[in-house]
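J.: So the sequences go chain by chain: A and B. With the working numbering as the guide, the letters of the first sequence map in order to residues 169 to 476. With the working numbering as the guide, the letters of the second sequence map in order to residues 169 to 476.
Warning: the hint list may mix true and false statements.
One copy or any two copies: either way a pair holds, since identical chains are not told apart in the list.
[Claimed, not checked] Below, computed lysine-lysine pairings styled on BS3-like, alpha-carbon distance capped at 30 Å:
{"#": "1", "residue 1": "Lys373", "residue 2": "Lys299"}
{"#": "2", "residue 1": "Lys458", "residue 2": "Lys373"}
{"#": "3", "residue 1": "Lys455", "residue 2": "Lys356"}
{"#": "4", "residue 1": "Lys443", "residue 2": "Lys458"}
{"#": "5", "residue 1": "Lys356", "residue 2": "Lys373"}
{"#": "6", "residue 1": "Lys373", "residue 2": "Lys417"}
{"#": "7", "residue 1": "Lys300", "residue 2": "Lys209"}
{"#": "8", "residue 1": "Lys417", "residue 2": "Lys427"}
{"#": "9", "residue 1": "Lys443", "residue 2": "Lys356"}
{"#": "10", "residue 1": "Lys373", "residue 2": "Lys443"}
{"#": "11", "residue 1": "Lys458", "residue 2": "Lys356"}
{"#": "12", "residue 1": "Lys310", "residue 2": "Lys209"}
{"#": "13", "residue 1": "Lys458", "residue 2": "Lys427"}
{"#": "14", "residue 1": "Lys450", "residue 2": "Lys356"}
{"#": "15", "residue 1": "Lys367", "residue 2": "Lys299"}
{"#": "16", "residue 1": "Lys427", "residue 2": "Lys373"}
{"#": "17", "residue 1": "Lys299", "residue 2": "Lys356"}
{"#": "18", "residue 1": "Lys427", "residue 2": "Lys455"}
{"#": "19", "residue 1": "Lys455", "residue 2": "Lys417"}
These aren't lab readings, by the way, just hints derived from the structure by calculation. Bear in mind that the values here come from a model prediction, so they are computed numbers and not experimental data.
Below are the chains, spelled out letter by letter.
Protein chains: 2
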Amino acid sequence: MSLLAVGTVAFDDIETPFGRAEMVVGGAATYITLAASYFTKDLKIVSVIGDDFPEEELDYLRSRGVNLEGLQVRKGERSFFWSGRYHNNLNDRDTLDTQLNVLGDFDPVLPESYRNVDYLMLGNLTPAIQKKVIQQLNRRPKLIALDTMNFWMNTAMESLLEVLKMIDVLVINDEEARQLSGEHSLVKAADAIHHMGPKYLVIKKGEHGALLFEGGNIFFAPALPLAEVFDPTGAGDTFAGGFIGYLAKTEDLSFENMKRAVIYGSAMASFCVEKFSIERLKGLSNKEIKERIAAFVELVNFDADLEF
Amino acid sequence: MSLLAVGTVAFDDIETPFGRAEMVVGGAATYITLAASYFTKDLKIVSVIGDDFPEEELDYLRSRGVNLEGLQVRKGERSFFWSGRYHNNLNDRDTLDTQLNVLGDFDPVLPESYRNVDYLMLGNLTPAIQKKVIQQLNRRPKLIALDTMNFWMNTAMESLLEVLKMIDVLVINDEEARQLSGEHSLVKAADAIHHMGPKYLVIKKGEHGALLFEGGNIFFAPALPLAEVFDPTGAGDTFAGGFIGYLAKTEDLSFENMKRAVIYGSAMASFCVEKFSIERLKGLSNKEIKERIAAFVELVNFDADLEF
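Taking the hints into account, I'd like the entire structure generated from these sequences.
T.: Okay, here's the thing in structure tokens:
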């Protein structure tokens, strides 16, 4: 099944306690499609870059099955750039620099060949742009998932609430879920967010795992305890890419299969953080992914002994 | 199998966003033995109280199978008292008052009938007192578990490191594990702590669940997402009581059974937080506990589909 990812394709400067990487490839749409490419090959990107983006990186995306017809390339302009420094705990980070560049007046245009896409992942962008993408579709996709952040809740809440009515799955972190709903309890937050539109809610909790909510159903996916988290950049987008990529492959939107999709997303994210940028997501083998999934099974597996 | 709990038996004043409770029953040994009493009946307490402690509360503990021969009652003195106020997130709290009272010069004395105990849970107390209890035993118990806190790491580290060499299971929270080991990664922290003595390490993460480490084995137990956390006081001790109570009942120290013990501890803690003080731990039915365990199974259960 075809999958469209909308989001940034960008450069990052990253500083972690383990080292420093300059002008490395990043961006939500990059991480989403790369992670998804291990599950499905009919991938499309809507995004914008400058003419500073290396052709070999675009070739690499193409080699992973990503159609770049919807990627606008602006001559003489520069790609979106983000620079950040992670604290020792790797959970907190300071943004050192954000240069919107081509993203400043980004107007997404869906090529005709994209307008009947089956699965849509809207990466974190202005809610108005996310809405504009949905409005260009010829028919409603089988599933629309969306990522957003506190910044849009603070500055474009009305617009965000509008787009939330149009989607199926909201993928956010715990603090964002609390801010959006005004509820501290994630159970209550999920209930409030369901009422805003999304039937499914995935709450990412970083090193503490992820929760999947659908109506009264709750699933708790662990995060793999890692000895080294080298660079957390892109982990959330990689999670989203693995999640929706697995759904696009299996075409099964039951709660049972959504649970598996959360585990596959978590597994892909656990690779992402092992190296800078997209390095670890390049050239993963099917065997490595299966071994990682088996590690998740092992991690939470127990016999309950209800005869105690 | 017999189980001895060493720790406070005390009064608490508690303020949460949901209300206020004054001079209610608390204390680590109280929560530990009550939680354990749902699994095993040969329970003993070593602690100290003043003559202000209500006889009916002691009778209730006796009715749950708790032997109080090792509970010193000091005439004319007052029991340990703690007062705290929880923030809206219920994770953070301010201590408003701590009155050591009888605990100030507590010298634990094990009655002869306690000295061959099979399972020992050392609640959070001065490491020197924890050590003194171990030294009074006639033989080494099958399992010694210990709880401690940052305060002892700051003020009595040498003494803490001594007692850590004498125990099997350390039960602490994530921040304590990081401080004790000097490692941010919990995987590395576990490795460092294993080298200090404890073969098993349980890291409690509150609403994020718990991790069990033994050598290279890791188990991740979820916490039940709750709509209402009414009062978190005693949740950690209740966890410890359910954990060691289940082990004392089953007498199986395999990693598989330790995993189950972590789940049973988490289930007991999930009851504890539903009401003030020990209220919810009174009169639980076997059926309620089994239903709660079944909810934990449901929460993390998934089919991996390794044929993707």
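J.: Hint by hint, note whether the structure agrees.
T.: How the hints compare with the structure:
In this assembly of identical chains, Lys373 and Lys299 lie within 30 Å of each other by CA distance solely inside one copy; the values are 26 Å within and 38 Å between copies. For the identical chains of this complex, Lys458 and Lys373 are neighbours both inside a copy (23 Å) and across copies (28 Å), given an alpha-carbon limit of 30 Å. Only between protomers do Lys455 and Lys356 lie at most 30 Å apart by alpha-carbon distance; the minimum there is 26 Å, versus 39 Å within a single protomer. With identical chains, the CA atoms of Lys443 and Lys458 are at most 30 Å apart within one copy only, with a shortest distance of 19 Å there and 43 Å across copies.
For the homomeric pair Lys356 and Lys373, the shortest alpha-carbon distances inside one copy (16 Å) and between copies (20 Å) are both at most 30 Å. Proximity of Lys373 to Lys417 under the C-alpha cut-off of 30 Å is restricted to the intra-copy arrangement: shortest distance 25 Å within a copy versus 35 Å between copies. For the identical chains of this complex, Lys300 and Lys209 are intra-copy neighbours only, at 25 Å inside a copy versus 65 Å across copies, given an alpha-carbon limit of 30 Å. When the C-alpha separation of Lys417 and Lys427 is checked against a cutoff of 30 Å, the pair qualifies only within one copy, where the shortest distance is 14 Å, while the shortest distance between copies is 34 Å.
Only between protomers do Lys443 and Lys356 lie at most 30 Å apart by alpha-carbon distance; the minimum there is 18 Å, versus 36 Å within a single protomer. In this homomeric assembly, Lys373 and Lys443 come within 30 Å of each other (Cα to Cα) both inside a single copy, at 20 Å, and across copies, at 27 Å. For a Cα distance limit of 30 Å, the shortest separation of Lys458 from Lys356 across copies, 25 Å, qualifies, whereas the shortest one inside one copy, 34 Å, does not. With identical chains, the CA atoms of Lys310 and Lys209 are at most 30 Å apart within one copy only, with a shortest distance of 17 Å there and 56 Å across copies.
Taking CA atoms no more than 30 Å apart as the test, Lys458 paired with Lys427 passes in both settings, with 16 Å inside one copy and 24 Å between copies. When the C-alpha separation of Lys450 and Lys356 is checked against a cutoff of 30 Å, the pair qualifies only between copies, where the shortest distance is 27 Å, while the shortest distance within a copy is 39 Å. Taking identical chains as interchangeable, the C-alpha atoms of Lys367 and Lys299 lie at most 30 Å apart only when both belong to the same chain, with a minimum of 18 Å there against 54 Å between chains. Proximity of Lys427 and Lys373 under a CA criterion of 30 Å is satisfied in both settings, with 16 Å inside one chain copy and 23 Å between copies.
Taking the shortest Cα distances, Lys299 and Lys356 sit within 30 Å of each other inside one copy (26 Å), while across copies they are farther apart (44 Å). Taking identical chains as interchangeable, the C-alpha atoms of Lys427 and Lys455 lie at most 30 Å apart whether they share a chain (21 Å) or sit on different chains (28 Å). Taking the shortest Cα distances, Lys455 and Lys417 sit within 30 Å of each other inside one copy (18 Å), while across copies they are farther apart (41 Å).
In this structure, every one of the numbered hints holds.
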